[in-house]
Amino acid sequence: MTKGAGPLLRAWREQRRISQLELALRADSSARHISFVETGRSRPSEDFLLRIAEHLDVPVRERNALLLAAGYAPHYPETPLDELGTLREGLEQLIHGYEPYPALIVDATYNVIAANRGIAMLMDGMSEEVLTTPLNAMRLTLHPRGLAPKIRNLAEWRGHLLHQMERQIALRRSDALRALYEEVAAYPVDDPGESAVDNSPVPYVALPLRVEHDGRTLSFVSSISTFNTPMDVTVAELAIETLLPADPATVKYLQSMLP
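Note that the sequence shown covers residues 179 to 437 in the working numbering.
There may be inaccurate statements among the hints.
To be verified - What follows is a set of in silico ranges between Cβ atoms, one per label pair, in the way DEER data are often shown:
#, residue 1, residue 2, range
1, V399, E270, 20 to 30 Å
2, T310, G275, 21 to 31 Å
3, R204, H391, 25 to 35 Å
4, Q271, L203, 25 to 35 Å
5, A363, E306, 44 to 54 Å
No wet-lab data here; the hints were simulated from the structure.
Everything numeric in this text was worked out from a predicted model, so none of it was measured.
Beta carbons are placed, not taken as given, at the ideal position from N, Cα and C, and that holds for glycine.
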């Protein structure tokens with residue numbers, strides 16, 4: 179076994195805060211064997227590594243890295259986006275079918291793969307500085323020349339997005355994601371005490387995104403969908419975010435703007 183597999187396995191186990199014994203019970207193994215693998219005294223089989231990675235909820239990309247470190251070939255392919263064919267067409271039909279409400283598809287570092295007219299409407303008037311490709315959903319939302327100045331509850335929504343990224347960083351050993359987090363977290367923001375008070379009579383079921391557009395405030399709640407048991411690195415890292423109108427006024431306005 180190459181030197182890297184044991185430390186990688188231990189790092190994922192410790193990150194998940196699972197003991198060797200607990201992992202052994204979950205994966206039908208023994209704490210002794212897991213200890214030997216982590217210290218390099220035993221060479222794990224490919225099946226063992228995949229089984230352990232499943233129980234540790236290791237992202238698909240990192241499962242390939244674990245296999246490579248152990249001297250095996252990657253198990254999961256990484257198909258270029260432009261070769262996804264029917265799947266990509268289906269995803270784009272899905273978000274366009276969601277119109278007039280906003281929806282977009284992002285990758286593991288929140289780069290925008292596709293977006294519908296609802297998202298384009300919210301991007302009206304943004305600075306070219308944040309509209310350069312590749313578009314990034316976090317930059318578009320939190321940059322002071324992006325959507326941020328129009329978000330009525332920026333302090334709360336910014337906190338929600340940063341916490342979301344922190345959870346993703348805990349799940350993925352991604353330098354690119356951490357760099358993006360550090361970038362957007364450093365954007366200047368208004369004093370949180372100046373956040374707009376929510377005077378809406380509509381009770382929200384989740385934290386809303388409240389955005390000014392053309393002299394009115396639109397309210398949305400966000401939902402994120404990913405693929406179940408993906409077998410491809412690219413597909414595993416795609417996410418579909420849909421913004422559901424949170425009040426009747428937002429529904430009426432969007433339906434009038436994007437029939």
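Can you let me know if the beta-carbon spacing of R204 and H391 is within 25 to 35 Å? Violated, at about 48 Å.
Satisfaction of the hinted span 44 to 54 Å by the C-beta atoms belonging to A363 and E306: The hint (44 to 54 Å, Cβ to Cβ) is violated, given that A363 and E306 are roughly 23 Å apart.
Starting from the hint 25 to 35 Å, judge whether the C-beta atoms of Q271 and L203 obey it. violated (44 Å)
Honestly, do V399 and E270 meet the 20 to 30 Å range at C-beta? holds (23 Å)
With respect to the beta-carbon atoms only, verify the hint that T310 and G275 lie 21 to 31 Å apart. Because 28 Å falls inside the window, the suggested range holds.
Of the numbered hints listed earlier, those contradicted by the structure are 3, 4 and 5.
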